[in-house]
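The chain contents come next:
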Amino acid sequence: MTPMPKSRSRCRERGVSLLLAGLSLTFIVPAVGLMVDVSVLYSVKARFQAAVDGASLAAARALSLGQTTQAQATAAQNNAVNWFYANFPTGSWGTTGTNMSQSTVSVFDDANNAHVRNVTVTASTNVPSFFMSWFGANSTPLTATGNASRRDVVVMMVLDRSGSMAGAPCTSMLTAAKLFTGQFAAGRDQIGLVSFSDNVYIHSSPTTNFQTVLGYTNNLGTGSGAIDTIVCNGGTSTAQAISVAYNELYKVNQPGALNVLMFETDGLPNTLTLNFWDSATNTTGLKSTSACTDKNGKKLSQGGFASAAVLPSWTTGQTMSAGSYFANIPAGMIGGIYSDDPGSSGQFNVMYKYWSTSTANNFGSSTFVASTAATGCAFGGGKTYTPPPTDINWFPLKDVWGNQLSPGYLPVTLSSGKVTSGSWQSFHNAALNATDSAAYQARTNTTLPAYFFVIGLGGTSANPPDYVLMQRIANDPNGDNYNSPALYSSCSQEANCTTYPGQPQGNFIYSSSPASLSQAFLSISSEVLRLSK
Amino acid sequence: MAETRRRRGREGQELVEFSMTALLLAGLFVSSFVTGMNLIRSIQVNQSCRDLANMYIHGADFSTYPMQQLAQRLATGLDLEIGSTFTGNSAANTSNQGNVLVTLSRVMYVGATTDPNCASVGASHCTNANSYVFTQRIQFGNGTLTNTKPSTLGNPSTATISTAGVVANPITDAGAKLTAAAQANFSALWKTPLQDGQVCYVVEFYAQSPDLNLGSFLGGGVYARSFF
Chain A
885 MTPMPKSRSR CRERGVSLLL AGLSLTFIVP AVGLMVDVSV LYSVKARFQA
935 AVDGASLAAA RALSLGQTTQ AQATAAQNNA VNWFYANFPT GSWGTTGTNM
985 SQSTVSVFDD ANNAHVRNVT VTASTNVPSF FMSWFGANST PLTATGNASR
1035 RDVVVMMVLD RSGSMAGAPC TSMLTAAKLF TGQFAAGRDQ IGLVSFSDNV
1085 YIHSSPTTNF QTVLGYTNNL GTGSGAIDTI VCNGGTSTAQ AISVAYNELY
1135 KVNQPGALNV LMFETDGLPN TLTLNFWDSA TNTTGLKSTS ACTDKNGKKL
1185 SQGGFASAAV LPSWTTGQTM SAGSYFANIP AGMIGGIYSD DPGSSGQFNV
1235 MYKYWSTSTA NNFGSSTFVA STAATGCAFG GGKTYTPPPT DINWFPLKDV
1285 WGNQLSPGYL PVTLSSGKVT SGSWQSFHNA ALNATDSAAY QARTNTTLPA
1335 YFFVIGLGGT SANPPDYVLM QRIANDPNGD NYNSPALYSS CSQEANCTTY
1385 PGQPQGNFIY SSSPASLSQA FLSISSEVLR LSK
Chain B
5 MAETRRRRGR EGQELVEFSM TALLLAGLFV SSFVTGMNLI RSIQVNQSCR
55 DLANMYIHGA DFSTYPMQQL AQRLATGLDL EIGSTFTGNS AANTSNQGNV
105 LVTLSRVMYV GATTDPNCAS VGASHCTNAN SYVFTQRIQF GNGTLTNTKP
155 STLGNPSTAT ISTAGVVANP ITDAGAKLTA AAQANFSALW KTPLQDGQVC
205 YVVEFYAQSP DLNLGSFLGG GVYARSFF
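Chains as they are written, first to last, in our numbering: chain A, 885 to 1417; chain B, 5 to 232.
Treat the hints as calculated values from the structure; they're not laboratory data. Accuracy of the hints is not assured; some may be wrong.
Rough simulated footprint, nothing fancy, chain B against chain A, three-plus residues with beta-carbon under 8 angstroms [stated by the list, open to error]: (1) 913-920; (2) 925-932; (3) 935-944; (4) 1054-1068; (5) 1369-1378; (6) 1402-1415.
Built from N, CA and C at the ideal position, the CB exists for glycine as well.
Generate the whole structure from the sequences, applying the supplied hints.
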């Protein structure tokens, strides 16, 4: 074999690097192309999944829209389509054949919880290949599924119909309450109503038929709905109202649902329901100088009131219905103590014959203080006293609902283990403490923990709601997010304000005037529905 | 003699070939790297945006420092700066450096004057009837990035807003309305018109990419928007 001349050999080496580079590119370019296509695929997948997630959550939120469960399901399907295409418009990233419509959205009851509805959204599309299409892979199919659920809501509205609400504020409250009920899913959610002044009236236990029962569809004032019948007059028995309302939630007993107390007030608690008989020691809270007499006509100073058997039965007690959170409240020496608000004359009004046996809820001031005095007692007939009251020596540490007067949010003066009746300030603080305690008990009940959403209304009296107390009731750690400038700080910055991260956290909204009350109610409904997902 | 001349003529040929190849490959690798990194960044931005939206709709309050810190952790590597700690609320925490701006908006549709929202203020006072309005706006990160990538929804700059970003009077305050252009764009999003009171939670997440800037080719940063 004749060796090739060097010059020709060298000539043949020309361009070898380029040739090798060119050959290597046939491997490098597809590899880079694959990388780019896969990266694009992942990007689209992230976007696509986000769109499906958004659609499923929006669908769950829309389960509140509509008067029937079928209408609510349709609203959910429409919402899902809306939100999906808002996030992932047709043709995004060059995708083709995107399939997402009402028919790919399913709404169904949860198999393990009858009070939960689920929404499943499924979507599919084809992601184009930019480089891999050279090898026949024009697109990659992509499917995404999103799930969301909505808990049914059980709400007890607790509305203040005290005297300071009378007139325009009362009308604003009723309008707002109607609007509030309109935001929930009829047929699935349940709403009930309690109103309170000196006493508490249960207008309706939670019902799925709330829009009719409470009167959402009526013109205000037609009188055919429970809300329409409220008349504002009297004191502010807040602690009792919360306890009674919570009991209504408890009786419904749907721990799988979202249980909410929606509480509105324009003032400070000033009325407590107390039992002046201490069954532990068989002693009465009457003063030794009291002229009240027992069943045998004996005064305390005459050896009367020696046992429960001879108590005068100022009230008939309260029999709780089956499934109640509270035990029956026995007949005994039960009465209400109403005290003036701060800045007034600092007087007490002692009431007896306390329970409402009437179906009317618009008690006038003469109704709750009996027109005839309890036998021998100085109180009754609308009499007021500068502390201490003529007959009452002490107040118990708890009201009849078990709400704690002391210790609590504010200091209370004690004497021999009882709350002294000699101080208006002490009673005032005790009323606030009992309210705080009522909410605390409802939030911490292990069977049925309740969320509190609270609206404080200003502009109706010289004694608007106590911001800190409202924050504590709602267990809301945030400051004022609704008024500008903010009227109160976050709980951690307020004296005596405590919230508990482990308990249901609700919201407190302060409406500075009746004109903004409806907006506050709608904001609360929005927050409740946000939580119901 | 002739061989020497030929050899001299070929001197540097390999170098030229290598240079040409290297140029080609280097360009390919650099652009692949930059594209890849931007795609990774795009995925992270999209994921962060989605996660923030998910938390936002479930009640997370991003006007507080702890929640902004959480967003910062989600955006690790993107350089989201939120400044020193603060108590309470700061709905406009935008005096920071960094490469990220996060904008959260809650937008509500106010229906006709006969619908509940207008009824709640009285039909004659319902300034924002038949409009989309801001009910909350929160921004944090580097506020100067609004010049590069302004919010597609506009800003409720004339509305009365609390420190938590909540618009005080979304039904009656004309400043709460989305701009006319944003109204049109927002309406166009929906296949079925929204009803009175329906709310949309929008998170916009913009991360500029100064370290992965290939001029006009890939220099704009990454923007993601989620409607929840």
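Checked hints:
{"no.": "1", "hint": "913-920", "verdict": "holds (count 4)"}
{"no.": "2", "hint": "925-932", "verdict": "holds (count 4)"}
{"no.": "3", "hint": "935-944", "verdict": "holds (count 4)"}
{"no.": "4", "hint": "1054-1068", "verdict": "holds (count 5)"}
{"no.": "5", "hint": "1369-1378", "verdict": "holds (count 5)"}
{"no.": "6", "hint": "1402-1415", "verdict": "holds (count 8)"}
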